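J.: For reference, the chains in residue letters:
2 protein chains.
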Amino acid sequence: MHSPTIERRGIMLVLSSPSGAGKTTLARRLLTSERGIEMSVSVTTRNPRQGEVHGKDYFFVSETEFKRMRDAGDLLEWARVFGNYYGTPALAVERALAGGRDVLFDIDWQGAQQLNEKVAQDLVRVFLLPPSGEVLQQRLEARAQDAPDSVARRMSDAAAEISHWAEYDYVIINSDLEASVAGLSAILAAERLRRERLLGLSDFVREMQKAL
Amino acid sequence: MHSPTIERRGIMLVLSSPSGAGKTTLARRLLTSERGIEMSVSVTTRNPRQGEVHGKDYFFVSETEFKRMRDAGDLLEWARVFGNYYGTPALAVERALAGGRDVLFDIDWQGAQQLNEKVAQDLVRVFLLPPSGEVLQQRLEARAQDAPDSVARRMSDAAAEISHWAEYDYVIINSDLEASVAGLSAILAAERLRRERLLGLSDFVREMQKAL
Numbered sequence: 000m001h002s003p004t005i006e007r008r009g010i011m012l013v014l015s016s017p018s019g020a021g022k023t024t025l026a027r028r029l030l031t032s033e034r035g036i037e038m039s040v041s042v043t044t045r046n047p048r049q050g051e052v053h054g055k056d057y058f059f060v061s062e063t064e065f066k067r068m069r070d071a072g073d074l075l076e077w078a079r080v081f082g083n084y085y086g087t088p089a090l091a092v093e094r095a096l097a098g099g100r101d102v103l104f105d106i107d108w109q110g111a112q113q114l115n116e117k118v119a120q121d122l123v124r125v126f127l128l129p130p131s132g133e134v135l136q137q138r139l140e141a142r143a144q145d146a147p148d149s150v151a152r153r154m155s156d157a158a159a160e161i162s163h164w165a166e167y168d169y170v171i172i173n174s175d176l177e178a179s180v181a182g183l184s185a186i187l188a189a190e191r192l193r194r195e196r197l198l199g200l201s202d203f204v205r206e207m208q209k210a211l
Numbered sequence: 000m001h002s003p004t005i006e007r008r009g010i011m012l013v014l015s016s017p018s019g020a021g022k023t024t025l026a027r028r029l030l031t032s033e034r035g036i037e038m039s040v041s042v043t044t045r046n047p048r049q050g051e052v053h054g055k056d057y058f059f060v061s062e063t064e065f066k067r068m069r070d071a072g073d074l075l076e077w078a079r080v081f082g083n084y085y086g087t088p089a090l091a092v093e094r095a096l097a098g099g100r101d102v103l104f105d106i107d108w109q110g111a112q113q114l115n116e117k118v119a120q121d122l123v124r125v126f127l128l129p130p131s132g133e134v135l136q137q138r139l140e141a142r143a144q145d146a147p148d149s150v151a152r153r154m155s156d157a158a159a160e161i162s163h164w165a166e167y168d169y170v171i172i173n174s175d176l177e178a179s180v181a182g183l184s185a186i187l188a189a190e191r192l193r194r195e196r197l198l199g200l201s202d203f204v205r206e207m208q209k210a211l
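As given, the protein sequences belong to chains G and R, one line each in that order.
Here the first sequence is numbered in numbering that gives the first Met the number 0, starting from 0 and rising by one per residue.
Here the second sequence is numbered in numbering that gives the first Met the number 0, starting from 0 and rising by one per residue.
Note that these hints are calculated values from the structure, not bench results.
You may find that some hints are simply not true.
Using 20 Å as the maximum straight-line C-alpha spacing, the simulated DMTMM-like pairs for lysine to aspartate or glutamate come out as follows [claimed, not checked]:
| id | chain 1 | residue 1 | chain 2 | residue 2 |
| --- | --- | --- | --- | --- |
| 1 | R | K22 | R | E140 |
| 2 | G | K209 | R | E140 |
| 3 | R | K209 | G | E160 |
| 4 | G | K209 | R | E160 |
| 5 | G | K22 | G | E62 |
| 6 | G | K209 | R | E133 |
| 7 | R | K209 | G | E93 |
| 8 | G | K209 | R | D105 |
| 9 | G | K22 | G | E6 |
| 10 | G | K117 | G | E93 |
| 11 | R | K209 | G | D56 |
| 12 | R | K209 | G | E37 |
| 13 | R | K117 | R | D105 |
All values derive from a computational prediction rather than experimental measurement.
This is chain G alone, in the form it adopts within the complex (with noise of 0.2 Å):
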């Protein structure tokens, strides 16, 4: 049997959610079960951690040299957060997509919304939401427990994420993490089979039509 390969457009798939929600779990999790997808690698203008990476974990840059980037239209989203700069280039992220890879991003409404004013057409939005308030409020506490002068700024910041859910295309409720995984691979294995990305479809039918 011939498997013929279409030439396709990579997807940029797009993860957001309260903090508290399983986000950074969820997107692992896909990186590691599914093939031809990445994440995407940030601009940032904040100092390394401890065994980060330049180039895997970020691209560390100066403040000016961040906002030379911004400014000449190199980033497709970005954002200040307490004082530090992060922003998405867009020329990394071009070149996955007419490779035909996937790109994962784990941004906030903000970033989506940068995204959806540049680049609709090739986005794929996800918003998980956690199981209920009760369990939220609870994960919320516990990560604030180092400093908990902040569970009231969690908890706005969480509010906050979770009134921009219409924004997004596809909705998982996180109550089963294994269920979750499956969710968004089953998003992204069917986004990959839209007519409007399968670049090489015209050819295709056009030969197969020789043969009729």
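Based on these hints, arrange chain R on the given structure of chain G.
T.: Chain R in isolation, oriented as in the chain G frame:
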């Protein structure tokens, strides 16, 4: 862990392909492996064949009754094939969708177009292609062995159907049956997670926000 059940609207999953691409086998496999999806039962004026059950394989009706249904707007799509009428009764489909059950349609591009004019928001259209023109040709010739004069007719019908590939949301090239079953299952699983089908999400999020 909580396991919330979010009310959702069912999907109309349309599978079209030229004859000889493996559509019937693929549809049967999907119905066997997936829960919550059922085959659409058509209304027809043709006579029941040996073993066919009214209400399961088809609703067998008179031509008068069929035309009454059609003219009353009770059919989502209809066609006349070799002198017999076939149609999709709207009520049964709406009942399934409103109950959160998905419905699979084995129809051609003309049926898919009619559905798209009436119920586009519920529709997920999948087009199945054979791995190559040569393979399709061989299969059509094998099928036509009982009536060899119809090969040309089968070929031109297949060519006509294939020419409508670009009207579908997803395209699966059926090189490997297991991969095609996995692809179709992924499309179903992903579409079930589409935000706009998850009718209960607004309430779910509102409840969650209360806890924050």
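J.: Does the structure keep K209 (chain G) and E133 (chain R) at a Cα separation of 20 Å or less?
T.: holds (9 Å)
J.: Hinted pair, alpha-carbon criterion (20 Å max): K22 (chain R), E140 (chain R). Please report holds or violated.
T.: Satisfied, since the Cα-Cα distance of roughly 17 Å is no more than 20 Å.
J.: CA of K209 (chain G) to CA of E160 (chain R), is that 20 Å or under?
T.: holds (14 Å)
J.: For the pair supplied as a hint, K22 (chain G) and E6 (chain G), is the alpha-carbon distance within the 20 Å limit?
T.: Answer violated: K22 (chain G) to E6 (chain G) is near 30 Å, above 20 Å.
J.: For the pair we were handed, K209 (chain G) and E140 (chain R), check the Cα-Cα distance against 20 Å.
T.: The hint holds at about 16 Å.
J.: Quickly compare the C-alpha distance for K209 (chain R) and E37 (chain G) to 20 Å and report which way the hint goes.
T.: Cα-Cα ~36 Å, so violated.
J.: CA of K209 (chain G) to CA of D105 (chain R), is that 20 Å or under?
T.: violated (26 Å)
J.: Run the distance test for K117 (chain R) versus D105 (chain R): straight-line Cα separation, threshold 20 Å.
T.: holds (17 Å)
J.: Under the criterion that the straight-line Cα-Cα distance not exceed 20 Å, is the pair K209 (chain R), D56 (chain G) satisfied?
T.: violated (36 Å)
J.: Given the proposed pairing of K117 (chain G) with E93 (chain G), does the C-alpha separation stay at or below 20 Å?
T.: Within the cut-off at roughly 12 Å; holds.
J.: Under the criterion that the straight-line Cα-Cα distance not exceed 20 Å, is the pair K22 (chain G), E62 (chain G) satisfied?
T.: It is violated: about 28 Å lies between the C-alpha atoms, which goes past 20 Å.
J.: Checking one constraint from the list: CA of K209 (chain R) to CA of E160 (chain G), max 20 Å. Satisfied?
T.: holds (14 Å)
Consistency with the previously given hints fails for numbers 5, 7, 8, 9, 11 and 12, ordered from lowest to highest.
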